[in-house]
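Number of protein chains: 2
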Amino acid sequence: MEKDPRISLSVIKRLPRYYRYLGELLDSGIDRISSKELSMRMDLTASQIRQDLNNFGCFGQQGYGYNVVLLHNEIKKILGLNQDYKLIIIGMGNLGHALCNYTGFHKRGFHFVGLFDVDPKLIGTTVGDLAIQDVYSLDKYLAHNTIDIAVLTLPKANAPEAVQLVIENGVKGIWNFSNIDLQTPEDVVVENVHLSDSLMTLSYQLSGTP
Amino acid sequence: MEKDPRISLSVIKRLPRYYRYLGELLDSGIDRISSKELSMRMDLTASQIRQDLNNFGCFGQQGYGYNVVLLHNEIKKILGLNQDYKLIIIGMGNLGHALCNYTGFHKRGFHFVGLFDVDPKLIGTTVGDLAIQDVYSLDKYLAHNTIDIAVLTLPKANAPEAVQLVIENGVKGIWNFSNIDLQTPEDVVVENVHLSDSLMTLSYQLSGTP
Numbered sequence: 032m033e034k035d036p037r038i039s040l041s042v043i044k045r046l047p048r049y050y051r052y053l054g055e056l057l058d059s060g061i062d063r064i065s066s067k068e069l070s071m072r073m074d075l076t077a078s079q080i081r082q083d084l085n086n087f088g089c090f091g092q093q094g095y096g097y098n099v100v101l102l103h104n105e106i107k108k109i110l111g112l113n114q115d116y117k118l119i120i121i122g123m124g125n126l127g128h129a130l131c132n133y134t135g136f137h138k139r140g141f142h143f144v145g146l147f148d149v150d151p152k153l154i155g156t157t158v159g160d161l162a163i164q165d166v167y168s169l170d171k172y173l174a175h176n177t178i179d180i181a182v183l184t185l186p187k188a189n190a191p192e193a194v195q196l197v198i199e200n201g202v203k204g205i206w207n208f209s210n211i212d213l214q215t216p217e218d219v220v221v222e223n224v225h226l227s228d229s230l231m232t233l234s235y236q237l238s239g240t241p
Numbered sequence: 032m033e034k035d036p037r038i039s040l041s042v043i044k045r046l047p048r049y050y051r052y053l054g055e056l057l058d059s060g061i062d063r064i065s066s067k068e069l070s071m072r073m074d075l076t077a078s079q080i081r082q083d084l085n086n087f088g089c090f091g092q093q094g095y096g097y098n099v100v101l102l103h104n105e106i107k108k109i110l111g112l113n114q115d116y117k118l119i120i121i122g123m124g125n126l127g128h129a130l131c132n133y134t135g136f137h138k139r140g141f142h143f144v145g146l147f148d149v150d151p152k153l154i155g156t157t158v159g160d161l162a163i164q165d166v167y168s169l170d171k172y173l174a175h176n177t178i179d180i181a182v183l184t185l186p187k188a189n190a191p192e193a194v195q196l197v198i199e200n201g202v203k204g205i206w207n208f209s210n211i212d213l214q215t216p217e218d219v220v221v222e223n224v225h226l227s228d229s230l231m232t233l234s235y236q237l238s239g240t241p
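As they're listed, the protein sequences go chains A and B. Going from the first sequence to the numbering used here is simple: count from 1 and add 31. Going from the second sequence to the numbering used here is simple: count from 1 and add 31.
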């Protein structure tokens, strides 16, 4: 799908939330909703919702509202969730284990197919039906397997080297949990989860509450 | 510290990143930097940096640049990092363990003081020097301990009940990893880490790359 570069990142970042809410509506058997009702549930203004969704085409109908099934499906396609992704995790500490064990990702088409670590105590142990492999065999692995997303849950000192290796081997998506901003070519997409930054945003807000 | 409500959330969310970069500069022995140099390192424009930092006072000096020690300290104060926080974790699966074991939080003044789970196999086991407690004893615990932040790493179905309990007991900060948007009073601050949303943002961007 061609991306419209005029669509701002803040709109894009709201899309998964729409997708989540619409999924919950479907689960409760609701197949039609007005932008006003949706706005109340999502704590956004109705006009904000109309603006957001108009970026991707005309999903609403005056006097009818949104067809939940249709809209859910369209957002699924927009988010690229109508295809499957192969993921590897580099760094199988607790966080690597947590991500690998979370079944929600698999349901949405994100499949973990390779796990890597440097720790001899972890190498050879299994998570689900995957054995953790030696990170020093990663280049060989990547030469024989096409991977969409590399998940980085390793210490930040080792992250740049791992990034270079996966990029050289054609990986285009990086989900980065290492507390460092990565330098990558333009055709590589990085999504950062900086947990420390998130916690500091919380302390900023807390330190001002009475 | 009084918060200026005119300061936008996007500015606030950049502050931890400034703090991180300035800390790295200090570690490398750099105690003075121009907004131009800082902008190149951070991949922001120099004017963006000046605008951001002017929200909090006048830190730069024409022709001299920024005093790194001073600016680092000021941002530390702004982020509320000149005080300590007591945290509990509700849900001690892999993610709870990962957060509890991450030493970086402790260094910044975030101290885990109570761990809770519902699983009899986990209750009584220790992480560091803390024993995991039965979540059904949480109300009693909160009645005797003042907690700043509750970390929610439990399944989303159980999150609303846990939130109600911690709020009733005076907890003002919630770091939410459960995949649900919480309803909270105005004086309670919620910082969400929606991992599924983050991964879908990545797939959105990936599905458009060649």
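Hint data in this document are derived by calculation from the structure and do not stem from the laboratory. Since the model is a prediction, treat every value here as computed from it, not as a measurement. Check the hints yourself; a few may be wrong.
[As the list claims (entries may be wrong)] Dumping the calculated DMTMM-like pairs for lysine to aspartate or glutamate here, alpha-carbon to alpha-carbon at most 20 Å: (1) B:K187 x A:E55; (2) B:K107 x A:E55; (3) B:K138 x B:D212.
[Stated by the list, open to error] For each label pair, taking beta carbons as the anchor points, the in silico distance ranges come out as: (4) B:N98 x A:G159: 26 to 32 Å; (5) A:K187 x B:H175: 36 to 42 Å; (6) A:E192 x B:P151: 49 to 55 Å; (7) B:T177 x A:M71: 19 to 25 Å; (8) A:A162 x B:Q214: 25 to 31 Å; (9) B:T76 x A:Q93: 37 to 43 Å; (10) A:R81 x B:D160: 49 to 55 Å; (11) B:T76 x A:K187: 35 to 41 Å; (12) B:D150 x A:Q114: 24 to 30 Å; (13) A:V149 x B:Q214: 22 to 28 Å; (14) B:D115 x A:N113: 44 to 50 Å; (15) A:R81 x B:G60: 29 to 35 Å; (16) A:G135 x B:R72: 46 to 52 Å.
Just so you know, even glycine gets a beta-carbon here, dropped at the ideal spot from N, CA and C.
Hint-by-hint comparison with the structure:
no.	hint	verdict
1	B:K187 x A:E55	12 Å, holds
2	B:K107 x A:E55	40 Å, violated
3	B:K138 x B:D212	29 Å, violated
4	B:N98 x A:G159: 26 to 32 Å	51 Å, violated
5	A:K187 x B:H175: 36 to 42 Å	38 Å, holds
6	A:E192 x B:P151: 49 to 55 Å	42 Å, violated
7	B:T177 x A:M71: 19 to 25 Å	35 Å, violated
8	A:A162 x B:Q214: 25 to 31 Å	43 Å, violated
9	B:T76 x A:Q93: 37 to 43 Å	42 Å, holds
10	A:R81 x B:D160: 49 to 55 Å	53 Å, holds
11	B:T76 x A:K187: 35 to 41 Å	25 Å, violated
12	B:D150 x A:Q114: 24 to 30 Å	36 Å, violated
13	A:V149 x B:Q214: 22 to 28 Å	43 Å, violated
14	B:D115 x A:N113: 44 to 50 Å	47 Å, holds
15	A:R81 x B:G60: 29 to 35 Å	53 Å, violated
16	A:G135 x B:R72: 46 to 52 Å	36 Å, violated
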